[in-house]
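Protein chains in written order, with my numbering: chain G, 190 to 957; chain A, 190 to 957.
Note that these hints are calculated values from the structure, not bench results.
Fair warning: there could be bad hints in the mix.
Pairs count within a copy or across copies, as identical chains cannot be separated in the list.
Claimed, not checked - In silico DSS-like cross-links for lysine-lysine, where the CA-CA straight-line distance does not exceed 27 Å: (1) K575 x K638; (2) K863 x K260; (3) K746 x K666; (4) K845 x K698; (5) K575 x K927; (6) K477 x K336; (7) K540 x K253; (8) K586 x K863; (9) K336 x K462; (10) K638 x K706; (11) K492 x K192; (12) K260 x K706.
Protein chains: 2
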Amino acid sequence: MNKYLKADEWCIVEEGFDPKNHRSSESIFSLGNGRMGQRANFEERYSGATLQGTYIGGVYYTDKTRVGWWKNGYPEYFAKVLNAPYWNGIDVEIDGIQLDLAVCEVSDFVRTLNMREGYLERSFVATLSNGNQVKVCARRFISMADKEVAAIRYAVIPLNFSGEMVFTSYIDGDIKNQDANYDEKFWDVISTDSQKGEAYLQSVTKKTAFQVGVGIKYAVTVDGQAYVTSDDDTIVREKYAGNRVSVYGEQGKEIVFYKYVAVLSSMNHPADKLLDNAKVVVKNAFQKGFAQLFEEHRSEWAKIWEHSDITIEGDVEAQQGIRFNIFQLKQTYTGDDARLNIGPKGFTGEKYGGSTYWDTEAYCVPFYLSTADSAVTRNLLVYRYKQLDRAIENGMKLGFTDGAALYPMVTMNGEECHNEWEITFEEIHRNGAIAYAIYRYVNYTGDEKYIEEHGLEVLTGIARFWAQRATFSGERKKYVILGVTGPNEYENNVNNNWYTNKIAVWCMKYALECMEKVKAANPARFEELIARMKFDCQGEVAHWKDIIANMHFPEEKQLGIFLQQDGYMDKEQILAADLDPAIRPLNQHWSWDRILRSCFIKQADVLQGIYFFEDEFDTECIKRNFDFYESRCVHESSLSPCVHSILAAKIGDMDKAYSLYLRTARLDLDDYNKEAHEGLHITSMAGTWMSIVEGFGGMRVKGGELHFHPAIPESWKAYSFKVMFRGNILNVIVRHGKTVIFNEAGEEVEVTVNGEKRRVAKNSKLEI
Amino acid sequence: MNKYLKADEWCIVEEGFDPKNHRSSESIFSLGNGRMGQRANFEERYSGATLQGTYIGGVYYTDKTRVGWWKNGYPEYFAKVLNAPYWNGIDVEIDGIQLDLAVCEVSDFVRTLNMREGYLERSFVATLSNGNQVKVCARRFISMADKEVAAIRYAVIPLNFSGEMVFTSYIDGDIKNQDANYDEKFWDVISTDSQKGEAYLQSVTKKTAFQVGVGIKYAVTVDGQAYVTSDDDTIVREKYAGNRVSVYGEQGKEIVFYKYVAVLSSMNHPADKLLDNAKVVVKNAFQKGFAQLFEEHRSEWAKIWEHSDITIEGDVEAQQGIRFNIFQLKQTYTGDDARLNIGPKGFTGEKYGGSTYWDTEAYCVPFYLSTADSAVTRNLLVYRYKQLDRAIENGMKLGFTDGAALYPMVTMNGEECHNEWEITFEEIHRNGAIAYAIYRYVNYTGDEKYIEEHGLEVLTGIARFWAQRATFSGERKKYVILGVTGPNEYENNVNNNWYTNKIAVWCMKYALECMEKVKAANPARFEELIARMKFDCQGEVAHWKDIIANMHFPEEKQLGIFLQQDGYMDKEQILAADLDPAIRPLNQHWSWDRILRSCFIKQADVLQGIYFFEDEFDTECIKRNFDFYESRCVHESSLSPCVHSILAAKIGDMDKAYSLYLRTARLDLDDYNKEAHEGLHITSMAGTWMSIVEGFGGMRVKGGELHFHPAIPESWKAYSFKVMFRGNILNVIVRHGKTVIFNEAGEEVEVTVNGEKRRVAKNSKLEI
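Using the sequences provided together with the hints, build the complete structure.
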């Protein structure tokens with residue numbers, strides 16, 4: 190844990206400059222707009238420890254797999270989010286001395302991430318080696334209004350001298366991923382160009398051949414007046430293009446350097462038009478100017494907050510935490526492009542490479558369903574639909590046949606990138622989450638059409654996988670699923686993971702149910718799909734039903750709990766609370782075999798299943814399982830506490846629910862796991878949102894209606910959240926002893942609160 | 190399978206040159222003397238596909254670990270057998286044209302490995318691009334008499350022309366391991382020197398700082414007469430030293446180039462004396478000359494064969510196969526240096542890196558016990574004794590305490606080198622084999638003293654490991670051993686592998702038994718050891734006894750078999766014979782998860798335990814287990830068929846025993862697994878020997894006496910083997926219906942043949 194940030198309801202604030210926190214701050218203060226993003230690297234040169242990171246959604250590189258011992262079926266490469274050409278740089282030379290915070294004396298340093306308006310600001314006073322002092326204030330944003338534009342306002346005031354200021358604004362194409370497997374560079378620079386006032390660079394990724402064009406343009410004001418030089422300001426070097434301008438700074442007068450940036454990729458432009466288009470985009474931005482661009486950007490953020498804000502009264506840190514999570518999620522994924530997805534680190538770091546994990550379906554979908562137009566979640570579903578062929582190919586690679594689809598553990602373009610057999614080949618429950626997201630989407634939105642349009646094909650591919658993956662045990666006379674890794678990755682290659690068996694059976698059931706629905710609603714489409722999928726309506730259906738009816742589910746009957754897997758009770762049963770704190774987290778202290786043979790659980794596993802299918806279990810059953818597994822869970826995955834928190838709230842244990850909530854809400858801000866410097870835990874941030882809305886708020890969707898069961902942590906005065914639901918926008922405000930639901934938009938709506946059906950009229954509120 | 194070698198009783202013969210077989214031949218025709226060895230690379234330059242390999246026992250490099258996903262407890266490096274300075278090269282230029290078999294026309298090519306005399310010979314006629322024809326005959330050996338010496342006789346006859354012959358004899362220090370993890374070179378060359386007639390090179394390994402000094406000296410004869418030139422013959426280049434001599438060759442007259450080589454390492458010489466000593470060694474060799482050196486070498490091989498030959502009548506291929514196995518084993522390990530061990534590929538390739546696996550104890554010990562002085566096996570035991578502290582450190586690294594020793598999976602110097610969690614951390618049965626080798630040695634030799642001198646400490650460390658590794662299952666009320674990989678590596682992270690549980694209990698029993706013996710025989714030594722090991726004679730003994738009495742052993746009672754591990758019967762029970770041959774070997778066709786969840790067995794597992802502890806089981810029980818597991822075993826480890834073959838012979842199934850024998854005996858000669866080009870399966874060669882002696886011959890040692898139960902494969906006329914046993918040398922000759930046992934050396938001896946006790950007098954024979 191590292192608590193160095195100031196609590197504030199709307200901002201993240203760092204006061205004073207401590208280089209040892211800088212890499213963490215670079216992650217935490219990251220900016221993004223769903224299309225591209227950047228770590229909070231300083232504009233001016235910085236010779237201290239930094240992780241320079243600039244990313245463009247969907248632009249990836251296929252890095253050759255690195256593995257100690259090759260196994261059949263491993264992919265040839267790991268597709269990685271790419272560190273892209275760096276457009277952020279403005280070198281500043283003051284009377285011949287380079288401004289560098291690692292070298293000069295720094296005072297009055299304040300770094301602020303304004304989440305309400307979506308900008309990063311940094312101000313400080315630097316005293317250079319010759320005693321010259323400057324005050325700097327740098328603000329930048331990546332536009333939510335125009336996804337290809339960023340702008341920087343970099344203001345310098347000479348405090349105790351007058352002298353020459355030289356600004357060098359550049360694009361650096363000589364970029365490297367720190368996590369490159371073989372220390373290779375992934376980009377070739379195609380062209381560099383610098384002309385008066387502007388510069389351009391075009392690069393192409395090796396192997397994947399994505400092209401990116403970056404344009405920059407600058408303006409300078411001195412004491413508020415436009416400053417124009419007739420000097421040649423162009424610089425072109427190998428893999429580098431920029432402009433250099435010298436300005437005489439008078440003591441006390443502000444010089445502002447504006448940098449306008451356009452970042453275009455071949456995903457959205459013809460490669461041969463990239464630079465032409467970049468010129469247009471950057472020129473437009475330049476012409477609008479910083480203030481107008483910012484206003485457009487700010488107003489987009491206002492719309493986002495309008496729909497997704499959560500307020501907490503009486504707990505500033507909790508308030509800051511939840512807003513930070515929402516802010517970073519919205520910076521990562523905005524849902525307007527079905528080719529993009531939600532990387533576990535978003536645009537804040539390189540770790541985990543590829544963009545798409547089951548995190549998206551299992552954790553992020555509820556957040557986007559409630560806080561954005563349903564088209565956003567639909568795009569997440571369509572992303573997987575478009576990759577169905579690849580999932581079937583992936584299944585074939587592992588020996589499955591006849592259209593069985595195994596979605597990859599990690600992917601960019603639908604191909605598996607992961608290479609660790611116990612996960613790549615065995616953590617197959619991910620396939621279930623992809624089906625479950627379809628269910629969630631349809632259940633939430635009522636968009637039954639999606640099933641026939643796209644959903645049924647995905648569901649059938651997944652169900653076929655399970656039908657082949659389950660085998661019949663002659664000994665048990667039951668179907669079994671052998672050799673899997675469940676959500677709890679502290680068990681590998683186990684037999685009959687309860688969660689996996691559960692979701693496998695559910696997938697087959699749901700696929701059958703959807704088939705029946707499509708058949709009834711649209712027989713022609715049904716016939717078309719059956720024919721296309723070569724689906725055997727007799728044989729396959731009978732086989733699935735047989736598995737559904739005869740699956741083995743491990744249980745411990747005496748304790749009345751579901752068993753995480755066969756043989757779990759053979760382990761020494763020790764409680765997490767009895768572990769010596771010095772050996773926590775276990776994954777940093779124990780060898781892997783010791784972790785595996787212990788009873789300790791990395792993240793919700795049986796409880797993940799109970800969370801997904803809670804209607805099947807009574808509260809007593811949930812409580813027994815919660816008590817058993819929570820006491821053995823070490824929550825060493827960022828995805829774990831939220832599910833436990835929701836269930837704790839469900840069984841009425843609000844103290845537990847609150848303490849679990851805290852583990853997730855400020856995970857990165859307080860750097861619980863000492864890894865914020867690598868990037869943020871973006872996908873788990875959605876879990877924080879779920880902890881409040883589904884946990885404390887008790888929100889569920891049943892039969893096309895919203896249900897709430899509000900509760901509030903002891904230490905809070907009130908909290909509120911908004912949900913968009915089938916045309917309504919509901920604002921739910923929970924205080925101790927009182928819940929208010931506003932129907933802000935849409936017709937009268939029926940909701941169930943604490944089990945009672947209530948109606949909320951248009952533009953009015955319900956108090957309970 | 191690739192059958193291109195000629196059957197011959199004493200030689201391996203390749204007729205005709207096919208470059209596509211060359212890399213395999215380089216492995217098969219390898220030479221070694223236990224101290225050093227070399228693949229059968231051509232002396233003259235060869236521009237075709239080749240794997241150049243020169244190795245020195247014990248000289249290794251610690252190559253930085255390469256791994257996809259790091260796990261706690263992985264070692265920092267993988268210690269590798271090093272490709273060492275190359276001393277074999279003699280470039281030949283004929284009238285300005287380089288002799289290179291990849292380029293010229295080759296006829297009458299014959300390559301011969303004479304196993305009786307231990308030399309490699311190659312003769313061919315080469316037609317160069319200008320039509321010039323030469324006949325070449327090259328012979329070389331690595332001396333068994335002087336372990337630092339090698340010699341080459343390279344003879345050339347110009348067949349259809351007279352012209353200039355230039356011989357360049359060199360040492361190349363610019364050497365690379367093909368399997369380097371990061372493509373680095375492991376050697377620095379310290380000095381190079383060339384003087385008239387001789388050249389020297391000294392190198393040092395990076396990080397491990399082994400030094401090697403190589404000296405070469407040459408002589409030339411023309412038509413039998415010594416040829417001396419007054420020209421300057423010295424060449425020194427970077428990392429290279431040699432001599433170059435030009436000789437006028439007359440048509441039909443033989444020019445012979447003799448190269449004498451000394452290879453010394455800092456393991457046996459002070460580093461600063463390496464070159465001085467190399468000069469002396471190479472000078473001595475030069476002075477003795479090729480013929481005398483060869484005679485000394487040949488006579489050492491005669492002694493080796495005298496004790497270790499196995500003859501087979503009526504099956505030339507089987508005869509060749511078993512001799513090849515014995516020959517290669519004896520080339521790899523001679524047992525005069527307790528710092529050395531038996532690498533899985535010996536000196537024939539780079540694969541598998543480190544030198545020591547459990548192969549040594551489980552497979553090689555019986556061979557060396559019977560065919561060499563008992564000091565040889567004792568050295569293998571002492572090797573592990575000396576590494577006990579490292580094994581205890583290794584245990585500590587994985588969280589074990591109080592002197593618990595876990596010997597590494599792969600090692601050079603006692604430290605673990607392996608980095609694949611399911612093996613490194615979980616294939617812990619290896620620890621049992623190390624204890625079992627002590628038992629075997631003492632049982633065979635009667636050297637009870639070894640226990641108190643070294644054995645007990647090792648046995649205690651190992652037993653302590655098992656006592657900590659076994660945990661108590663509250664559910665079963667039994668001890669369990671969770672999360673292991675058994676000998677069958679087609680299962681990972683299983684619970685209660687029967688073999689592992691079996692050998693764990695046996696280790697604790699045997700350690701207790703040995704403690705009692707030492708206590709009775711030498712109480713003072715016992716007290717000393719107890720004190721040194723801080724052994725708790727009450728608590729630890731009681732705990733071990735509790736585990737011994739209450740270990741869980743999985744069984745399938747209906748079938749009357751021991752179960753490979755918990756849950757094995759949940760697998761789909763398919764027989765290996767029913768597999769489509771197109772998907773064999775499975776490890777080249779199936780993804781790892783499919784292999785893991787199948788019932789197919791890579792190598793003897795339950796049967797390995799039955800082999801080790803056969804006296805505990807009656808023949809019916811062995812038969813039931815054999816039938817069950819043999820039908821599920823795909824024998825995709827070279828270490829597997831021998832154990833099955835021995836048990837097949839034991840239960841009287843000679844057809845099966847013979848067919849399993851064939852799988853192992855000619856594994857490399859016929860290249861069953863298409864991997865001979867990477868090097869030979871040295872350690873499994875000992876299994877071939879066991880198949881004959883313990884399998885067909887039925888040899889066992891019980892109560893200090895030899896037992897035989899001879900049987901003979903249908904197709905053989907006779908076979909014979911020799912065993913050295915407690916001062917006797919017995920020659921056992923088995924024919925159909927008749928066994929003869931000669932007592933060649935030692936006093937009268939009692940043997941049990943087919944259950945009957947018989948006596949064989951000194952220098953006489955017993956016929957049955």
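Checked hints:
1. Only within a single protomer do K575 and K638 lie at most 27 Å apart by alpha-carbon distance; the minimum there is 17 Å, versus 73 Å between protomers.
2. Taking the shortest alpha-carbon separations for K863 and K260, only the inter-copy value of 18 Å comes in at or below 27 Å, while the best intra-copy value is 33 Å.
3. Within a single copy, K746 and K666 get their C-alpha atoms as close as 19 Å, and across copies as close as 17 Å, so both meet the 27 Å cut-off.
4. Taking the closest pair of Cα atoms, K845 and K698 never come within 27 Å of each other, the shortest separation being 34 Å inside a single copy and 49 Å across copies.
5. Neither within a single protomer nor between protomers do K575 and K927 lie at most 27 Å apart by alpha-carbon distance, with minima of 46 Å and 74 Å respectively.
6. Proximity of K477 to K336 under the C-alpha cut-off of 27 Å is restricted to the intra-copy arrangement: shortest distance 15 Å within a copy versus 84 Å between copies.
7. When the C-alpha separation of K540 and K253 is checked against a cutoff of 27 Å, the pair qualifies both within a copy, at 16 Å, and between copies, at 22 Å.
8. Within a single copy, K586 and K863 get their C-alpha atoms only as close as 38 Å, which misses the 27 Å cut-off; across copies the closest is 23 Å, which meets it.
9. Proximity of K336 and K462 under a CA criterion of 27 Å is satisfied intra-copy only: 18 Å inside one chain copy versus 72 Å between copies.
10. In this assembly of identical chains, the alpha carbons of K638 and K706 lie at most 27 Å apart only when taken from the same copy (10 Å versus 81 Å across copies).
11. For the identical chains of this complex, K492 and K192 are neighbours neither inside a copy (31 Å) nor across copies (76 Å), given an alpha-carbon limit of 27 Å.
12. For the identical chains of this complex, K260 and K706 are neighbours neither inside a copy (42 Å) nor across copies (47 Å), given an alpha-carbon limit of 27 Å.
Taken one by one, the earlier hints fail for this structure at numbers 4, 5, 11, 12, listed in ascending order.
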